[in-house]
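Novice: Numbers -17 to 119, taken from our numbering, label the letters of the sequence shown in order.
Some clues are possibly wrong.
[Claimed, not checked] Once the Cα atoms are required to be at most 27 angstroms apart in a straight line, the calculated DSSO-like pairs of lysine-lysine come out as:
#, residue 1, residue 2
1, LYS71, LYS16
2, LYS68, LYS16
3, LYS6, LYS16
4, LYS6, LYS68
[Claimed, not checked] Derived CB-CB ranges, DEER-like:
#, residue 1, residue 2, range
5, THR75, ASP116, 30 to 38 angstroms
6, PRO89, THR3, 16 to 24 angstroms
7, GLY(-2), PRO91, 21 to 29 angstroms
8, ASP57, LEU107, 15 to 23 angstroms
Derived from the structure by calculation, the hints contain no laboratory data. Computed from a predicted model, the values in this text were never measured in an experiment. Backbone N, C-alpha and C fix where the C-beta goes; we use that ideal spot for every residue, glycine too.
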Amino acid sequence: MSTGLIPATILTGFLGSGKTTLLKRILSEAHGQKIAVIENEFGEENIDNDILVGDTEEQIIQLSNGCVCCTIREDLRSTLSDLAAKRRKGELTFDRVVIETTGLADPGPVAQTFFMDDEVAESYLLDSILTLVDAVH
-17 MSTGLIPATI LTGFLGSGKT TLLKRILSEA HGQKIAVIEN EFGEENIDND
33 ILVGDTEEQI IQLSNGCVCC TIREDLRSTL SDLAAKRRKG ELTFDRVVIE
83 TTGLADPGPV AQTFFMDDEV AESYLLDSIL TLVDAVH
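All chains, full assembly: derive it from the sequences and hints.
Specialist: Below, the structure is given as structure tokens:
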């Protein structure tokens, strides 16, 4: 397990732009990384059940490829802090975090969390904000 900062990517775009489709693709590829996915909610389309280990009411769901998926029940800051703490304790193993925003969410405040909150900034490095666009509509 790396002792450096955890890379984080924000995945954003309007409803129907393909965020969940891209996320499913990333989670099903054999890229060798364990990714922790944070969703504002299990959105308009859920992550496929065939890549989930099991349906549960838990905040964190283990995926069959070793990735983890969790919903934001409180706020992003506490979710990121919980994930980092579990990683430090060895309770969870992941290489990076992807945060999928809801279709109407402004990614600005999400990105600010990585710079304005000292506890988050000590554990994470925001490496990119990926915005999907539906080119047809």
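Novice: Compare the structure with each hint and give your call.
Specialist: Hint check:
no.	hint	in the structure
1	LYS71 <-> LYS16	holds, 17 angstroms
2	LYS68 <-> LYS16	holds, 14 angstroms
3	LYS6 <-> LYS16	holds, 14 angstroms
4	LYS6 <-> LYS68	holds, 24 angstroms
5	THR75 <-> ASP116: 30 to 38 angstroms	holds, 35 angstroms
6	PRO89 <-> THR3: 16 to 24 angstroms	holds, 18 angstroms
7	GLY(-2) <-> PRO91: 21 to 29 angstroms	holds, 22 angstroms
8	ASP57 <-> LEU107: 15 to 23 angstroms	holds, 20 angstroms
Checked against the numbered hints given earlier, the structure satisfies every one of them.
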